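2 protein chains.
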Amino acid sequence: MRLSQYYVPTLREDPAEADVISHKLLLRAGMIRKLTSGLYSFLPHGFRALNKICAIVRREMDAADCQEVLLPFVQPASLWQETGRWEVYGSELLRLKDRHQRDYCLGPTHEEVITDLVRDEIRSYRQLPVNLYQIQTKFRDEVRPRFGLMRCREFIMKDAYSFDRDENENEESYRTMQRAYERVFSGLGLSFCAVEADSGPIGGSQSHEFMVLAETGEDSLVLCSGCGYAANLEKAEVSPPQTGNAETNCPDPELIQTPGMHTVADVAAYLQIPHSRVLKTLLYKADDASVAALVPGDREINETKLANLLGASELELAHAEAVRSWSGAEVGFSGPLGLSVDRILADHTLLRESDWVCGANQDDAHYRHVRLDRDASVEQYADISTIREEDACPKCNSGLTLHKGIEVGHVFKLGTKYSSAMNATYLDAEGRERLMIMGSYGIGVTRLLAAAIEQNHDQDGCFFPPPIAPFEVELVHLAPQDETLAAAGETLRSAMEGIGADVLLDDRDERAGVKFKDADLLGSPMQVIVGKKGFEQGMVEVKDRKSGERTSLSLDRFSSEFSAWRNRVWHETWRLES
Amino acid sequence: MRLSQYYVPTLREDPAEADVISHKLLLRAGMIRKLTSGLYSFLPHGFRALNKICAIVRREMDAADCQEVLLPFVQPASLWQETGRWEVYGSELLRLKDRHQRDYCLGPTHEEVITDLVRDEIRSYRQLPVNLYQIQTKFRDEVRPRFGLMRCREFIMKDAYSFDRDENENEESYRTMQRAYERVFSGLGLSFCAVEADSGPIGGSQSHEFMVLAETGEDSLVLCSGCGYAANLEKAEVSPPQTGNAETNCPDPELIQTPGMHTVADVAAYLQIPHSRVLKTLLYKADDASVAALVPGDREINETKLANLLGASELELAHAEAVRSWSGAEVGFSGPLGLSVDRILADHTLLRESDWVCGANQDDAHYRHVRLDRDASVEQYADISTIREEDACPKCNSGLTLHKGIEVGHVFKLGTKYSSAMNATYLDAEGRERLMIMGSYGIGVTRLLAAAIEQNHDQDGCFFPPPIAPFEVELVHLAPQDETLAAAGETLRSAMEGIGADVLLDDRDERAGVKFKDADLLGSPMQVIVGKKGFEQGMVEVKDRKSGERTSLSLDRFSSEFSAWRNRVWHETWRLES
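Same order as they appear, the protein sequences are chains A and B. Anchor point for the first sequence: position 150 equals 150 in the numbering used here, and the numbering is continuous, going up by one each time. Anchor point for the second sequence: position 399 equals 977 in the numbering used here, and the numbering is continuous, going up by one each time.
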């Protein structure tokens, strides 16, 4: 491709609409354009990268014996009513009516459609297992679409669904997909990590997320250096304390005046005690119930764990008015003693101590010397706080490290959630009717493009891993008007294309500085620079965009030297296998 | 791929829901399944064919210097309001609201979105011409989705859009795309024909349709054996008569009683005159006007031509009540004398005669000896009837033939329809602001799959052209349980895959009859049959599915003999170039 013919409108300045680096660079490098909130057009430069990502995903899915299908984007409400998700999915499910006023939605995921397809066709255990996938446009009507391709409304996803005869077979399908995902992400040239995760609205018994590691990631994860335990912070278990209730002779509760002290920090400073001795009481509306959740002052509540524990589909912090009505005091002075709520739940790390400071349910007052088992009505102690870097690994007690990541894949064991709701059964070898065991497996294809940039960029632009670069090589031609040099450039281009590298030739009549800047911005991992001086010396300069390393190759032996250098960029710079 | 592992649920019987052959065979061969009215899922066997069609379309678009993009499926109403199509597009445009109650539609076509994209980026004549395409899901909320993939609501289309500096450059883009389309359809292995067409709601000054010839096609077209003129019946011009008003001494109109004679045939039989001497008067509501259209009794009115002549966006035959009110008589007795309508238009073939029989605008009565120029107020004579096989070619006067076809492609010269409505301008070399000249170019990708089957099938199933067959070869293995023969089968499979043929291996434990039936149904153009008897003789039988021809190949020289036979199937049976 000649840059002079290529539709790639680059921008010199960071666009005002973009907050994160991938969004900025996708716009600046002419890869995407915004149509309207959460909807993006892919221009040729972006589409090429997307297409290469899809090809790698497809290759690994096919190798894992998944078979490709294509399901409708527009889905009838009736299927979602069968599983009950028509009611519970919330406003991200965009509902619409056709000309006959029948209800439909735009598919955010396809569990219902695929289960409907399979239940009508599969009758016998001989037809199982089956694993079907598609690469397709999805729509989720995000309340605040943001960060470009990281959280948009219309996006491309690879979604696969497995149907197995029993739990063992399902376990095997799940592992096969985990391994396929590892090959996908390493094949794309990305640093990633698989973590235990919460299943969210998809449901099921077990799930893992695949995270591309990047400081700008929206997700937090914890990794254990000892046993390799890895989990999303939403999910990572916090161990209960090894020894319980240290102080048994706790005095009776004593009311103390704490005027204007709304926070744990205020109270701890005033009483000169560590934050960890102050009890934090958070009040929630969980579906229709009022709930108090207690955690130590030095820990954060984990709302995902709390919602799962409560079995609540909606959980939100109580408004000031509800706090006043349930506790009798303003926000900041709630405590478990004499509180009018339906349920009181406590984090199990609270079992380590028995002498607490907590809000007194009166304005400007706290209690000290509170013993939960004696003074409050705690319904249950459970794991409802978020893990911290200073906590021990829940599996092996080794040290933990926190990381940021971008969720690009998610695999779920669905069990019989959908097959029982939709009656997807088969006859086993003994002729008994049994429910199929399902799994579902997603990869965010468009988000992967953003994640690749979040992980690979510098102040000059992005540098794409060679397997997904729109062009693997940019041939920066400094004298395209010179006939001899133009012909030499064509020879080099043919040589590189001959060994399978796609080449973007900058044949524009522009200054060298502009060409170098654009080459860095457009992100080919390899640059080949053709200029008069080098040509006269029989040499051509090449640049490894990621490492910045420059080398000279001989014009005479260009094919073999380029091939060797290209291998080094793939294997050494990018640690890619092929 | 092994058939025992392949998710291809075939059906023995024709499904009741299917009327046309492609729909029946797509269902029977396990290629598609209906989700709900007009929405279909593609199973692996169907998806493979679709994927191959896309690859050929992509190859030819890229070769024609089109660049691939991907635009959102969900589109904001604001763009459609700019061009006015939000109001005029009708109910096929599925409108919806997002969570913030903003208006959107599901894209039935992308002129607005692409024009919006380009107007923001292209400023200078140096950036033109540009031609961008995408392969993408579209939605048209058809009032009666039918015939499976032939007329569904959600479908895949390749749509391209060109932006040129002037009419000449636009003419070149249009011709380039016409040639690319010819390469696409011949590359797919289909018999097709390009015809002049009406532009419909897309608009513009000129358009051509690409038709796959098939007796079951919904479209009719006319071909000239002399000059090669080809046109859709909606569009084909009917020449005006060479000589005018033969009878000049026409007597005065005479009222005759024609009780119960509502049709041309009734009246012609009663008066013993040819149908061609009876005047047919059709009454229409065209937007808000009442219109009478006159054609000779042996010709059909062409509503597309009439609507274009009137500039009407909605045209429908008047209801009985309106007929009564405008003519004073019931349907069947209307005529141009004393009719209360806004406009009277006449087909220009009526100029050949001057003595007509027509309805008298009284129940059970006609006039004879009507001379239109003397007795009626015809506003305009124009081409408003449909061409017939007995008409002469409008270009060269040679003979014509009528054919049926399936519209699979449509190219349009849009002129400045969209660029002027949306202000898509550029600065020319002299610094003057000018409107871009546009073209749009569609291919119905999913419909092509149905069209390929309508053109290539027999009572046993379909046979796909080799370039788009889900598998080019089916290896019908008659003894897969026999270890020696199983190994021999694997050797043959590797040999065929080694030269680029994809192979479906029927390794099921089934009777030979079942295997042959399924192979014919699944539609691979080549069958390789491995059995014990042939094996012992050192032979393997092959069958050309389309011609039915069977040959034996030597096991020893299988690779070269298969390769030669495969070339014959491609070039002789299918007349393919590569």
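Careful, some of the hints might be misleading.
Simulated crosslink set (EDC-like; lysine to aspartate or glutamate; CA at most 16 Å straight-line) [stated by the list, open to error]:
| # | chain 1 | residue 1 | chain 2 | residue 2 |
| --- | --- | --- | --- | --- |
| 1 | A | LYS532 | A | ASP509 |
| 2 | A | LYS138 | B | ASP676 |
| 3 | A | LYS97 | B | ASP953 |
| 4 | B | LYS612 | A | GLU121 |
| 5 | A | LYS97 | B | GLU892 |
Simulated from the structure, these hints should not be mistaken for laboratory data. Just so we're clear, the structure is a prediction, and the values are computed from it rather than from any experiment.
Among all the numbered hints in the text so far, which are the ones the structure does not match?
The structure breaks hints 3, 5; every other hint is satisfied.
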